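A.B. asks: If you want the building blocks of each chain, they are given just below.
Protein chains: 2
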Amino acid sequence: MNLKLQWLRNKMSSLNLQGMIISNPINIKYLTNINAEGTLIITPKENIYITDGRYIEDVHSTLTLFDEIIVYNVNSVSKDDYENFFMFCENVGFEEHYISYATYKDYIRKFKINNFIETEYMIEKQRMIKDEEELSNIIKACNVTDECFKYILGYIKPGMTEKQIAKEIENYYIERTDGLSFETIVASGENSSKPHAVPTDRKIQERDIITIDMGCIVNGYCSDMTRTFFVGEPTDEMKKVYDLVLANQKIVLEEYKDGASTRQITKMVENNFKLNGYDLIHSLGHGVGLEIHESPYISYRADSFLRENMIVTDEPGIYIPGKFGVRIEDTVQITKFGCISLTNSEKNIIMI
Amino acid sequence: MNLKLQWLRNKMSSLNLQGMIISNPINIKYLTNINAEGTLIITPKENIYITDGRYIEDVHSTLTLFDEIIVYNVNSVSKDDYENFFMFCENVGFEEHYISYATYKDYIRKFKINNFIETEYMIEKQRMIKDEEELSNIIKACNVTDECFKYILGYIKPGMTEKQIAKEIENYYIERTDGLSFETIVASGENSSKPHAVPTDRKIQERDIITIDMGCIVNGYCSDMTRTFFVGEPTDEMKKVYDLVLANQKIVLEEYKDGASTRQITKMVENNFKLNGYDLIHSLGHGVGLEIHESPYISYRADSFLRENMIVTDEPGIYIPGKFGVRIEDTVQITKFGCISLTNSEKNIIMI
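Going down the list, the sequences are from chains W and V. Offset between the first sequence (1-based) and the working numbering: plus 9. Offset between the second sequence (1-based) and the working numbering: plus 9.
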C-alpha cells in the first residue's frame, strides 16, 4: 500500500476509526495521486475509489498495483455494496467541511453508518509537513520560477502591456512545467498599490515600479514568488518603502524555524511597519503545496506554530493607495533551526 | 420589498418557517441581484445580507431602498446579533445542499436555532418559472447569439484554428453583452465527435464538419445554442445523421408544452435514434436562467413536467467516435399550448 494510505490507516487506528469517507479532492490527490471527481472509501480491508465513467480510464492509468486501490464505477455500486463497505465498523470518519448536510444524511442512510465521526482537518494537518518527494517537486517549481523571473527581467521593455508580460510568463511556465499555480500578477505604476491586481492593458513606462507575483506547478506542487523592481531609478519614497519591506522580509526569514509562533512573527512585522507609518494589510504568508494557499496561515489571527518541513511563504507588503506598492515574497522550507529559501531571485533593488 | 423576496416570505409562511438562511449564491442573486460572497438571512422582521469588507461597497451599489435589505459586515455581527435574528422563531429553513455539515452545526450553535428545516430546493424550483424581466434578458441574450452566429459564419475560413474562432465569438460577446455563459465549443472534423470538445489548434479544412456551441449573458441571464455546419458539401453519412438529428430536434419542439413529460419526450428521441442505429448519449436538454445548466433537466432519468415560462434547451446529438458528431440546439420558452424558440439561427444544412 502506498505510504500516505499507510499513514492514514495508522492515524485512523489511533482514533478508533474502522472506516473513513474522504471527500476533499485535494486530500484524495494527496493520498492517491488521483485527480478526478469521486470519493475515496477506506474500509477495514480495502481502499476503494468511486468515480464515474468520465474518469475511470484516467484513474486506472494514474494508479499502480502498489497503491492497492480498487476503482468502482458509481453506476455499478449496488445498495448491498454500500451497506457492506462499513458492515463491522463501529466508527466511520468523514470530512465535515467537505460534504453538504444533505450528503451527510444520504451517507448515513446509504452506508448504514453507526457513528459518523468528524475528523477535523486530519489530512490537511498532515499535508502541512512535506515528505522528500513533495519537497523535491516544490524545489523544482521554485527553480523554474527563479529562471522565469530572470528571463522576464530581460524581456520587459517600456511600451509592453502588463497582460503581454503575464502571457509571456505563462508561456514560459507551460513549456517547462504543468502550468501556472495561480493567475500571474503583473502590476505596474499605480496598479502596484493593489495587492491582488489583475494584469491590464497599461503599458510599462520609464520610471515605473513593477510588482510580479508568479508561480508554477510541478507534479501537482506549487511555487510562489513576488518581486518588485523598477524601470530606471526609483523615487526616494519608493526606495524607502522598498528598503523597509525588504528588511522585514529578511527578519522574518531569520525568525522562521521549527517552533516559531506565526502570530508573534506577524505582530513583529506589523509593529515595524507601524513605527514607520505603514500598515500590514494582508497576512504575512501561507502554506504552499498541492494548493497555492493552504495551511498554515501566517497572520495575527492564526495562532499556530511552524514545524520542520512545512513550506510557507514570507511576503510582507506595503501599499500606498493610488500611488504604488511593494511586496517581496519567497517560498521557504522550515527546518529544525531555521529555514531555507527555495526561491532565490535577486532581492536588492533591481533596475531594468 | 422586492417581488422575489415577497414571494419567498409567502412561501416561508405557507411552510410555517419564521426564518430562513439562504446560502446558494445563485439563489441570493435571484432574490436580491447581489453578486458577492455572503449569506442572506430572512428574519421575522428584516432581510439581512451578511458579507465581508471586500464586497460591502459593491453590494450597497446593487441594492435599492425598495429591496429592503440591510447589509452587515460579518466582522461587526456580534454573538448577541446572531442570537437575536431568530429569537422567536419556531422553525428556520436552510439550504441543505449548500452548507457543509460543519457549517450546519455551526449555525445551530451560533443562531441558537430550535428547528432547522431542510427546504428541498425550494428557491431552485421557483427559479424554473421565469418572470417577464427574466424572459426579456434571456431573449436579448438569444438575439445576440443569433447575430453572433451569423457573423461567425461569414468570419470562418479554412486555415483558421478552432481556438481562433472561439476567441472571435468571445470578443463579439464581450463587446455587446456581459460575456460568455460558458466556454464556447468549436469542434471541427473528428473533434466534433466529442460532445464536450474544447477548442484546439486544429485548422479548419475543406469538407470539414464544424459544431459550435455558444451562449452569452445579459443582466445575469444566459443563452445557449448549438449549430453544426459544413465547409463545402457534407458526405452522405453526415447528411443522413444531420437530417436525423434535425428531424428529432423539430419533433421535440412540437412536443414541448406546459404539462409535457420530460421523460417521455426523451424516450421518444432515444427510440428514434435507436431505430436508425444510433444512441442518445447525453440528456436532451436543461433549464437555462441565471445558470447555464439548471432545473429542469430533460433526460430519461428525470421524471418532471414542463411548465409555462420555463426556459429549456432542445439539443439532441449523435456522435460517431473518431469520425464526426452533429448537435443542434435551441433555447426555448415553454408556453401553455406549445413553445417558442428564442434562438432562431438557420437549421437547414449550412455550407460555408
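It should be emphasised that the hints constitute simulated quantities derived from the structure, not laboratory data. Treat the hints loosely; a few may be bogus.
Same chains, same label: a pair holds when it works inside one copy or across any pair of copies.
Stated by the list, open to error - Only pairs whose alpha carbons sit at most 30 Å apart, straight line, appear in this in silico DSS-like list of lysine-lysine:
| no. | residue 1 | residue 2 |
| --- | --- | --- |
| 1 | Lys259 | Lys119 |
| 2 | Lys332 | Lys266 |
| 3 | Lys114 | Lys172 |
| 4 | Lys248 | Lys134 |
| 5 | Lys54 | Lys249 |
| 6 | Lys88 | Lys276 |
| 7 | Lys134 | Lys88 |
| 8 | Lys38 | Lys203 |
| 9 | Lys88 | Lys266 |
These figures come from a predicted structure and were not determined experimentally.
A.B. asks: Taking each numbered hint in turn, which are not upheld by the structure, reported in ascending numerical order?
C.D. replies: Hint check: 1, 2, 3, 4, 5, 9 fail, others pass.
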